[in-house]
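4 protein chains.
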Amino acid sequence: MKMKTAPMGWNSWDCYGAAVTEDIVRRNAEFMAEHLKEYGWEYIVVDIQWYEPYAATNEYHPFADVVMDEYGRLLPAVNRFPSAANGAGFGPLAEYVHSLGLKFGIHIMRGIPRQAVHQNTKIMNSDRHAREIAKTNSICAWNTDMYGVDPEKDGAREYYNSIFELYASWGVDFIKCDDIARELPHEESELIMLSKALHGCGRPMVLSLSPGPALLEKAELYKQISNMWRITDDFWDKWELLYDMFSRAEKWCTHAGAGHWPDADMLPVGPIRQVYDVNNWTNFTQDEQITMLTLWSIMRSPLMLGGELTGFDEFTMNLVTNSEILAMHANARHSHQVWRREIDGIEHALWIAADTKGGYYVAVFNLGDKDSDISIPLADLEIYDGVNGTELWSGEHVEEQKSLSVSLKSHGARAYHFTYN
Amino acid sequence: MKMKTAPMGWNSWDCYGAAVTEDIVRRNAEFMAEHLKEYGWEYIVVDIQWYEPYAATNEYHPFADVVMDEYGRLLPAVNRFPSAANGAGFGPLAEYVHSLGLKFGIHIMRGIPRQAVHQNTKIMNSDRHAREIAKTNSICAWNTDMYGVDPEKDGAREYYNSIFELYASWGVDFIKCDDIARELPHEESELIMLSKALHGCGRPMVLSLSPGPALLEKAELYKQISNMWRITDDFWDKWELLYDMFSRAEKWCTHAGAGHWPDADMLPVGPIRQVYDVNNWTNFTQDEQITMLTLWSIMRSPLMLGGELTGFDEFTMNLVTNSEILAMHANARHSHQVWRREIDGIEHALWIAADTKGGYYVAVFNLGDKDSDISIPLADLEIYDGVNGTELWSGEHVEEQKSLSVSLKSHGARAYHFTYN
Amino acid sequence: MKMKTAPMGWNSWDCYGAAVTEDIVRRNAEFMAEHLKEYGWEYIVVDIQWYEPYAATNEYHPFADVVMDEYGRLLPAVNRFPSAANGAGFGPLAEYVHSLGLKFGIHIMRGIPRQAVHQNTKIMNSDRHAREIAKTNSICAWNTDMYGVDPEKDGAREYYNSIFELYASWGVDFIKCDDIARELPHEESELIMLSKALHGCGRPMVLSLSPGPALLEKAELYKQISNMWRITDDFWDKWELLYDMFSRAEKWCTHAGAGHWPDADMLPVGPIRQVYDVNNWTNFTQDEQITMLTLWSIMRSPLMLGGELTGFDEFTMNLVTNSEILAMHANARHSHQVWRREIDGIEHALWIAADTKGGYYVAVFNLGDKDSDISIPLADLEIYDGVNGTELWSGEHVEEQKSLSVSLKSHGARAYHFTYN
Amino acid sequence: MKMKTAPMGWNSWDCYGAAVTEDIVRRNAEFMAEHLKEYGWEYIVVDIQWYEPYAATNEYHPFADVVMDEYGRLLPAVNRFPSAANGAGFGPLAEYVHSLGLKFGIHIMRGIPRQAVHQNTKIMNSDRHAREIAKTNSICAWNTDMYGVDPEKDGAREYYNSIFELYASWGVDFIKCDDIARELPHEESELIMLSKALHGCGRPMVLSLSPGPALLEKAELYKQISNMWRITDDFWDKWELLYDMFSRAEKWCTHAGAGHWPDADMLPVGPIRQVYDVNNWTNFTQDEQITMLTLWSIMRSPLMLGGELTGFDEFTMNLVTNSEILAMHANARHSHQVWRREIDGIEHALWIAADTKGGYYVAVFNLGDKDSDISIPLADLEIYDGVNGTELWSGEHVEEQKSLSVSLKSHGARAYHFTYN
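Protein chains in written order, with full-length UniProt numbering: chain E, 1 to 421; chain Y, 1 to 421; chain V, 1 to 421; chain U, 1 to 421.
In isolation and in its complexed conformation, chain E is listed as follows:
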């Protein structure tokens, strides 16, 4: 798939961990259709362990029994996803999401269920069995559900084909594949096999790779076989993680383009971690959230909302429905950091991108612990004829000849759209 803009959507992980249910998915899909779809948000993604009947938090049950068919293909737990009864899988839920004008995605883990291997299930369209294709020393470091699949073995290709055939039959539009992005080079051939199976299944699907950090030296591979890949380990609502993203973004930014985007991970905004406490709310300040949306947008990271949509407050809704910011996310080109340095003892970062019509975007970030008033020479941006445009979060008109005066909150950001004079 070669989409023009990075995927935007909702993912169940930040709020529901391994315990998401059909009700939750439907509720968030409905909210998105009604309130967010018009701004470009479209993917509804069911994250990890939908095949585990008793998942209850962000934790995994070691060696839990999983639901699967006779070919070792995982199926939704019917107690959590009632519409999956009678072997329907995610078909009915996907159909419902599609009926709302949205797209449907699921999380998978690299490999074949250990349970299939221990039961030695048949591989569909093959005379091989699960034990014959499992890669004996390839396991996930943090989850016990799967064994890796050995691409050298007869039956391996048929197994991967069989699962994507199933997902295609359900109407899946988006695959978030886990335990794979940072498992290079040792599992590179399994990743390539998986990508081929997905792209050959007859239904277009976005391929999203987790977890990070992906390897910078493999950038060309990710670009050619997937649509997005995580550039950090799990991102949560802590300033240290947001601060660290600037270093990652600087290195990865030139690899964003049509159909391939470095992924800075989900946006933990609004109500999150509800599976632990229904009163939980993001720890990010409003300024930090503005910084996050600004950085994610100018670098063109995929945007996946992590909070329960129906609980979004006015700030959060404004944050994710700022049309100018989302236009930057869609239209920025050649984005890159201009510099990152201390000004008056406070660390700042400056980013620039072209737009598609001869204008450009500029973002300024205060990464320090104090507010700042700084003046950025336009020559730093190689602009010699003055600027004329808008600050995108405030809507203020900006027109300057020699330098850009910026007032920033600690951990805050400003984003500008300028046209050439």
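What you were told as hints is all true, and nothing was included just to trick you.
Identical copies go unnamed one by one, so any copy, or any two together, can satisfy a pair.
For lysine-lysine, the following DSS-like pairs were computed, each having C-alpha atoms within a straight-line distance of at most 27 angstroms:
| no. | residue 1 | residue 2 |
| --- | --- | --- |
| 1 | K402 | K2 |
| 2 | K4 | K251 |
| 3 | K218 | K251 |
| 4 | K4 | K402 |
| 5 | K37 | K357 |
| 6 | K409 | K251 |
| 7 | K409 | K370 |
| 8 | K357 | K402 |
| 9 | K402 | K196 |
| 10 | K4 | K357 |
| 11 | K153 | K196 |
| 12 | K37 | K4 |
| 13 | K370 | K218 |
| 14 | K218 | K196 |
| 15 | K196 | K4 |
These aren't lab readings, by the way, just hints derived from the structure by calculation.
Given the coordinates of chain E, work out where chains Y, V and U should sit on it, guided by the hints.
Chains Y, V and U alone, transformed into the frame defined by chain E:
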């Protein structure tokens, strides 16, 4: 156990791989009792996968079904070990070996069977189950039988106690524990727990740790909790491996002592790899075998015969029943390499050890590809009063004042026992 | 200095090594003024060892006597630069270069002459002496002229001020400082001190740092204290070095901007290494030279001609006076590699940059050993409305809707300037 | 030289740094001859910078002028060593030391004086000059006196021959060569050249290599070309350094033998660092000094006294004249650590060595911060017939059957000499 001399015995691996059977064990035990026991050979060790009914070669069947009891404790496959029928385990076979005046050992793998985890068997003398103690991301890199056990978990100690209680009930005298010696520091606490369980089981057992290379910086730990530990990966009948052992031996030699020995691995002599071809014979030349026995003996490595004993030829019998060499193995003290250098363009190594009565042992090795005649100044050995003694392989009397003249075959060795003048 | 475009000029090293003389400099300056100045070429740089009377090749004479003043400041060797007689230094030569409408640069080495240290010369405007400021264990790995200067010592600042005061008095416009760019972090404080002295001397000078490879993690430092810094070790006329530059360029490209440019080193074109043989000519093929100029220009590396200008043939003159390519060098913005991958088994690279007026530059490189005919989907460039423009080396008009067809020689390149439709 | 016992003597460094004078040397030599010679102490060594007229402390004067002859060979500064007047060098002082029945040694630095290089002095017995043999990028990291010599250059061999010829003419018996032991592998060929020149000069000299840590993987090289080599960086009177020596000693101990000894460095006992303050005294406690002498002696390190001998108090005199301890130093064979472990929460180390007559030495160390009473099973020492002997520091008779009871002070030691029963 604090034995005075390093264990000497026979192990089924080099000849029978994973496919050893009761007949083979009995036959070799009988031969040992009749022909070798008088020289100090005493352990009969059943190596890996005695619990797997269909093991046939040195290869392991991935995810094979294994024989175990209701507590997840592995049992001998009755089709291979008929006397184990009716839950007798290795009891009858151990009893037979004991009746011959020998000792009985078995191989185990660190951890708990994956099959027990997937069946979630009970832990004996505990209200915990297998899934609760398995360490989710701890597997053997080359065998799929087990999961590691997490020492932090309730039930872990009881599990390890339960298996050694079983082995003690069978009459086991020697445990070769695999997937553990080089798995430090990450599995160190499991190793310590295992050692405690073994030493607390009520029956003295030798604890032998595999595979190597063990970590030199952990020498004190090995010495305190085990009796022998492998200093290389699997040793086979290739000169390169024998050559490499000199570098290992040099570093490890000072760690040999009562009850704790760096282990240079089995001696692949006589008929080996018979499971593949009944005509297979060691690839080592006779000189190389003399070099091997000399090095193993002066450094006091355990001596475990790898070949089918009943097929030993006269050379091999002489090799392993040289009383003088075996006396060096028993009585060498403070063994160490004196130097390793080229003489006339041919690499040689010189070793020395004290004996327990004021004499000393000297070994000279030709590590090059040509025969050599060299003269070793006795000053190199810090001997200033001349030497008087015997070359142990030839029985020749040696008496010299200033230097030791040695004729060596390529890859060959000489060993001397001298008394102070 | 914050110039808008990366420096363009001539440097004596590639053709004359350490042996350049005043005649050579004047001849090349005159040629540049007459034939190249109108295209933007303006710097005339005297490279290493102008202070060594007997330098004869690219080699350095170990511990050679050097010409210096009473304050340990190096002076041109009068036998090689006659106009430097009577203490005039490079003043008369700089004046002549300025009279031609060009700018004048010199090479220096980090530190203070060892000869000054051994003579313990006074530091100008200080009561300290050379031995007191020399950093005792800081020497250049490949040249014996200097000791590093210890910024912690009294007199160190005065020494660096004194040399830049001298260079300013001569009328120097460009300093190529050697033994410094890759000597981080250990000599970072000396680099910062040197940069401050240069910027405080009262005359604007370009600061160019050698040798490479510079450290990517120090990009911000280079950008803030210098104008250009070498991203590789010495670049010469070998395909392997040109091929390797693509990997360097990909990583460094986002750090090019007004006043600061990653430096891919001199262009070894036309007659080079004449100091060894007056018939020497660049080993690069014409296609390789086109590739080089294309990459250097789209990434905006400084352009310093290495060959004897008066010997340039027609191809070389056309190569360095292609106005459209030089416009790309001046006006490219946000340059970056789009991808680098095999097409039909031949490695290619694709680069893009914006121009300053809403158009963009595209460069395509064949890095393989065979010619190729490829078709690049415009979607790879995120262009959805077709392209309209010119191929810059051939001048051909190009207009395409969906993909760009490119015929490339092995090691060759094409460069395009498009405007948005 | 293949001496039977490791060198014992006095070295000026610990007390006088770079500032030693002839008076000091004579005074200490006289004291040694009268009070220590009978115990085996015999070398008097003049440490670093005897060629620098103004050396005053342990610090070096950067780029100081040095005294040398027309061939760039360093000479004693006559203001410090008056008997060196009229080109006599160390001849008269060596003669005096010899007249006392002692041996005379000097410190040298690897290489050729920088001053010789800058003056481009002639190489004796060669038509080459200093600049031609200096290795341009080989300097000492902590002293500016010398350049390395490039063994590939004509004249290099002649230079090294010329300095040892000079030392031989003076009557030097011991060379402590600095800036060399840890400079491998990069300066290995210079070390080999130096060793050959020393061994070919016609006078036997001990070759001692500094500074440490030497490289364990080069043990064979040190053994073959030198007599002693430092196993740590400079050793001073701090417990942390003494504690650290146990880890070094454990690894190096098997490399001690006739003519080659791992060197644990000088013994900072009694009055030291007098160059700074005439009241300075070693910071080591008496127990720590006993531990030091015990470890150095059982491992057979060279013993070089660092304190001003004439100021030794009764404890210090007893410490260095304990005949039994010095007999262990002379006669220990095959020394090695038996174990190092916590007993009752206090770290202890146990060492053993054979003697030359069928007995053995045992040393026990308390490395913890509390006193201890421990019982060591004789089986740990592989002694099964009881022990019978003497504790060497107290002279107490010891006779035990099963275990050795030892009372130890914190940081203290006991040393035993046992004969086999």
